[in-house]
Structures are given as structure tokens and as C-alpha cells.
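J.: Sequence:
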Amino acid sequence: MYLSRMRYLFILLTFCCMSSITAQSNDYAKELSTQIDNDAFLLKIRDGYYSSGLYLRYATANTTKKGWKRIQTIELGQQMYTPRNKAYAYNNIIDRPYAGYLYAKYAQKTILPKAQQLEWSGALGVVGPAAGAAEFQEWYHNLMNYAFFPGWEKQIPNQLALDASLQYTAAIQPAKNGLARIYPTAQLNLGTTFSNLRTGAYFVLGKAEALHQSA
Numbered sequence: 004m005y006l007s008r009m010r011y012l013f014i015l016l017t018f019c020c021m022s023s024i025t026a027q028s029n030d031y032a033k034e035l036s037t038q039i040d041n042d043a044f045l046l047k048i049r050d051g052y053y054s055s056g057l058y059l060r061y062a063t064a065n066t067t068k069k070g071w072k073r074i075q076t077i078e079l080g081q082q083m084y085t086p087r088n089k090a091y092a093y094n095n096i097i098d099r100p101y102a103g104y105l106y107a108k109y110a111q112k113t114i115l116p117k118a119q120q121l122e123w124s125g126a127l128g129v130v131g132p133a134a135g136a137a138e139f140q141e142w143y144h145n146l147m148n149y150a151f152f153p154g155w156e157k158q159i160p161n162q163l164a165l166d167a168s169l170q171y172t173a174a175i176q177p178a179k180n181g182l183a184r185i186y187p188t189a190q191l192n193l194g195t196t197f198s199n200l201r202t203g204a205y206f207v208l209g210k211a212e213a214l215h216q217s218a
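At position 193 of the sequence shown (counting the first as 1) the number is 196 in the working numbering, and the numbers step up by one without a gap.
Relax, there's no trap hidden among the hints.
Below, in silico cross-link-like pairs of lysine-lysine (DSS-like), each with a Cα-Cα straight-line distance of 27 Å or less: (1) K33 - K210; (2) K68 - K33; (3) K72 - K210.
With beta-carbon atoms standing in for the labels, derived distance ranges: (4) P187 - Y53: 21 to 27 Å; (5) E141 - Q38: 20 to 26 Å; (6) A189 - N148: 41 to 47 Å; (7) Y53 - K210: 29 to 35 Å; (8) Y61 - M147: 25 to 31 Å.
Simulated from the structure, these hints should not be mistaken for laboratory data. The C-beta atom is built at its ideal place from N, Cα and C for all residues, glycine as well.
Given only the sequences and the hints, what does the whole structure look like? Please build it.
T.: Printed below as a string of C-alpha cells:
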């Protein structure tokens, strides 16, 4: 059983790697990519919270009148959220409700001078049974011989999802040789699905292209 699961995981991971390599092997202005997230990739025994995600993206790059690089992306995605323990379906104690989220999103990223980046996006979708998360988890768990979560009948009911996001990122290069960079970032999300303010930083060690030379 364990070997069977690992075989399927290897196939999925290989597919993701091939998709990424195919899209990025040449210097093109257009890119088609896929992404699969799942708790199983981390060899976790239990699903929980953000349990799974499927994404299909198409991106194009061009230059604005001011000479700034601009990347426009169309994304189709499905996300799945479950409680940490499927036994929660049988009692009133639950840390997160069952929920599926299906959406389409448009995002525009602009690379500004002085290694700055500004991105905004808008998404339209649905939360609830219409998102198809329960059916996808049942199919996937049958494929991998995992136990099914019985609480999907209590998932969040259907409702419209309308969201917008704004993110700003800058680069700090403490090392003169360019082998280390810090990218402070702040993101504001407002909508019916996600409303929050996030701040943080990315630390990059090693030789990397400048923001205007990367995707």
C-alpha cells in the first residue's frame, strides 16, 4: 500500500516538474504552468486546514510605455479546506469548517525602478458544494487508498466569492557581491473569502536575476 501511494506521488511530482521545466526552459514572453498542492506531498498522516490546491496559470510579459516590465496572469484554481481530524464530523467540536473554493483570477504585476514590485489582482468564484471539492477529495482518496472525510455534508453552503488583493515588494541587497537579497513584502486582501493584512520578508541566498529580469 505504501509503495502504491509513493508511486502515485512520484507521478504527480514528475508531472509538476515537467510542466515547470517546459514553461521556463526558454526566454519566452508567454508561460503556461500548473501547480498541485496536497498534504500528502509532505508525507503527513492527516489532512487539515488548507488540505489541497489545484492551479492552472497562463501568463504574458510585456513592457509599459515607461519601460517597466509588466506580467499579466489568468489563473483558474480550486482550494480545499478541512478540519484537522475527520472525527469532528460526528460532534460539535470543529476547528475549521469543510469548504471548497473554485475561482478565476486576473493578476497584474509591474516591476518598478529600484527593485520594487507592485501586484494587484481580482478574483471571482464560488465557495461551497458548487466548488466540487468533496467530489475531488473522494476521487483522490480512492485513488490513493486514503480514508474519506465524512463531514462534507456539513460544508459551507454555496455563496459568491469576490476578492481583491494588493501586494508591494522591495529588494534589499546587503551583500555587495549580490549573493544575498532580502525582499520585504506587504499584502492587503479584501473580499468575501479572504480579508487580511500580511507582512513578511523573503530571504534569497545565491546568485539570482534582478526583479526586472525574472518572472
